[in-house]
Amino acid sequence: MSLYTEFRKLKRTCFFPAFAAGGVLSAAFPVLNMAVRSELFTAINAPAIQILMENNWEMMVMLNLLLLITGACILYHIEYAENGIQKMQALPLREASLFFGKAALLVPAFALMAVIEAASLIFCGARWFNESAGTLISDAAASLGFAFLLTLPALILSLMISSLCQNMWTMLGIGVLCVFTASMLPADSFLASLFPYAMPFQILPGMETEQITRYCIAAAAETAVLGSAELIILKTRRLFA
Amino acid sequence: MNMIETKKLAKTYSGFTAVNGISLHVPKGSVYGFVGPNGAGKSTTMKMFLGLTRPTAGSFTINNMQYPQDRVKILRNVGSFIEAPAFYGNLTGEENLDIIRRILRLPKSSVTDALELVGLTEHRRRLAKKYSLGMKQRLGLAGALLGRPPILILDEPTNGLDPVGIHEIRMLIRSLPEKFDCTVFVSSHLLSEIELMADNIGILNHGRLLFEGTLEELKEDAAMKGYPTDNLEDMFLALIEDDNSRKGSNRKNNSKRDSRKTESSRKGGAR
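Protein chains in written order, with the working numbering: chain A, 3 to 243; chain B, 40 to 310.
One chain only, chain B, in its complex shape (with noise of 0.2 Å):
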């Protein structure tokens, strides 16, 4: 059973496609690892998931549940953590999740238990503004895992988190879904990070999806393209590289088949 599921859902702003028509499949109780470079479209499509960005065209469904209209009981189902940490910086941490808290309406006890999974317990009382990044980080991941949900959906978690930081929030995402029964949708724009977490992997280049499957088959995929396989990080890369050298001579093309119309076409008034 998919957890979360897209029909060629794809966002346009003013001429400039962000998300072109992808097609996902999150199955439940997976971690799945969405990889692209800067700019492919990720956070786009995790904010479609969370009501924050509308889709130009497609449809997307998450628990069973249609957006537009369940959106209120999608974000009920859902812990999320978008680009940057998100926060009132007048606020101590434990009072930030206190306000989640109170519209999730979650026992008190929920703040103390996210406080302690993400390793902010010390630092609850100081103002989150004074936090570092690495801080804001833990608490943004403390309020999506606040009150278990069964989706989580994380947008580049380890991002200015130190190499221990990395590790733990890493095994933390690891262990989720057996701990608590939930499906984790994340991102990161290095394979070689994701692969060390997720169950299925999904990749997207300028909006597109490239490859979705698990690590196994994509090392298949690869090999059959003729990509590097034993090195994941030189591999992501040809996979990228092919896919923009590929798109480049679709440009061409396009501007040679313009550039001939126009010419013929003003032939044709010569004449």
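Excised from the complex, chain A in its bound form (with noise of 0.2 Å):
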């Protein structure tokens, strides 16, 4: 009912069709790596997704978060822009429900952009490294679906910045800072790639399975934590009011 709501909220602000297109941009990245430059990439003697990640997820994970960021901004945006989060504070409704309704949509799009970025890993794959598609498909999906558990407290983080920030430039100053902050964060300390603009940047292709496990334990707990962070948020706020 709430996700239903959010989502005619969002009627003329291009928001899905803003991801579609942040998603295709972004899985031009590795295609236009790879017509450029396929002989450096095919030499390596490595898994064809695995080549692909390592040359191009820098890039992309960092458009997906500034996508992420514009899109949490957007859903608040509307709110904060005529009012309309006061008129939906007197209404029947609690406000957290609006706040996880909002990330229910932000989750799908995002899932889209990964949906998208996943067929350009596959068809360069199969375009320059013969690889079969059984592998490829099941190599992509692999990646792209621990990035996107890994990306989830990034999305939640932004959101709640978002929902605190009436002016929509103060949201998106912030998460511009935090995506570069996280660009420059040492990548072999496993403590300052907990941040959860820094997360996004690991690859899943020749990591250990006990890294993998802890990271996936980090990105769910992190993500729980900033849901109850935001809960926690909302009550004081009602207080303070």
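In case anyone wonders, no lab produced these hints; they're calculated from the structure. Predicted, not measured: the structure shown is a model, and the values here were computed from it. Each residue gets a CB set at the ideal place from its N, CA and C atoms; glycine is no exception. The hints are all genuine.
Heads up, simulated BS3-like pairs for lysine-lysine below, C-alpha to C-alpha not over 30 Å straight-line: (1) B:K168 - B:K147; (2) A:K13 - B:K169; (3) B:K47 - A:K237; (4) B:K46 - A:K237; (5) B:K47 - B:K264; (6) B:K112 - A:K237; (7) B:K168 - A:K13.
Here are some chain B residues pointing at chain A (derived, C-beta under 10 Å): (8) V117; (9) G128; (10) N135; (11) K175.
With the hints as a guide, bring both chains together as one complex.
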């Protein structure tokens, strides 16, 4: 119910087309990279998806995160622009359901991007590496699924910041700052990589099973903690209103 | 029976008292006019009724439901319009009302009904952000009237409307208790405006309730205190000015008392 209402509010905001276009843009990166430097990459002795992820993912994830932040901005900007949120607060509706309804919209929008990107990786694998379709599909699905899980904390955090900032530009600024900070954090430090905006930079191919488990647990825990923090913030905000 | 009742309701914002222990009694099926100059605390009181602002002290019941325990139940019974119109600019008037309708789980016909009541049917497919101020007010009012709730809380609903619009909305508000068996709590800073639609009046100044009762009782009260009674606007101004000057002299007395205290303590210290 809340999800459908939130979906209806997005009319004329180009929310889903923006994610589709972002997905296409991000997916175009490995294709262009391969088209220009195919000899360099095909000479590497490793599975196709691993090569593609190692050489393209950083750029792709930056685009993903920036789009995620923009999406979170759109979702709350429509609430604050003409004070629609005040009307919602005066209706028999829990503010938490508004937040989670928006999160539930951001998840499929991001999933749409991930699917487009996976398709692009599969295309590159088939076109330049001559790997079997079965292996490519399973490898791409696992890699993008892992990336999707690791992006969830950043998704919730972006939405949380958006819910707190009435001015869209403030949120956008904070988000961009977070992404660039994450890209500058040391790649070999596990602790630093737990920063919500740094986690999506991790790639599955070539990672040890123990490390994969640790990241999956960390992502689930961060998502739960950030979700609970938002609930506390909403309650506290009402107490001090 | 009172539909809305407050007991020493107060709201303080870091040292500033917006609402100062008011006890209101809004009878069921009446139009209650809440009058006061800008900054008197009308909107804050209304916001407290909707749970948008938490009271610092005191309590209130709406339709025998207690805040904050029954907040969601209260909101199910209340149609509201607070301060500036609140809507989604990217949606049309009709789509805006449809969002509210879905949340309130009302039939689709309720949107058409509300649009017709406020005279927005013709403009229902236009984007809300392109509406004029008067149309935005009407949209806000339609949102409050959606589903014909038993209680309506309207904060200066005629703001930004042209004289014809003011008359239409005034007549609509006046007719609501009879038409839909509801109670209306409406605010304005013009007593002359409230006079034309309210059965009961509450006058607020600097967060304090100066008067509560019918217009006749107000006139009697004013005559007894020596205020002009033939012109409502003059009567209202006299009432407010008298309260302001009393508040001012209280403040002067307090500051005199404070300075006397400081002086005596200084003398005591010197000794």
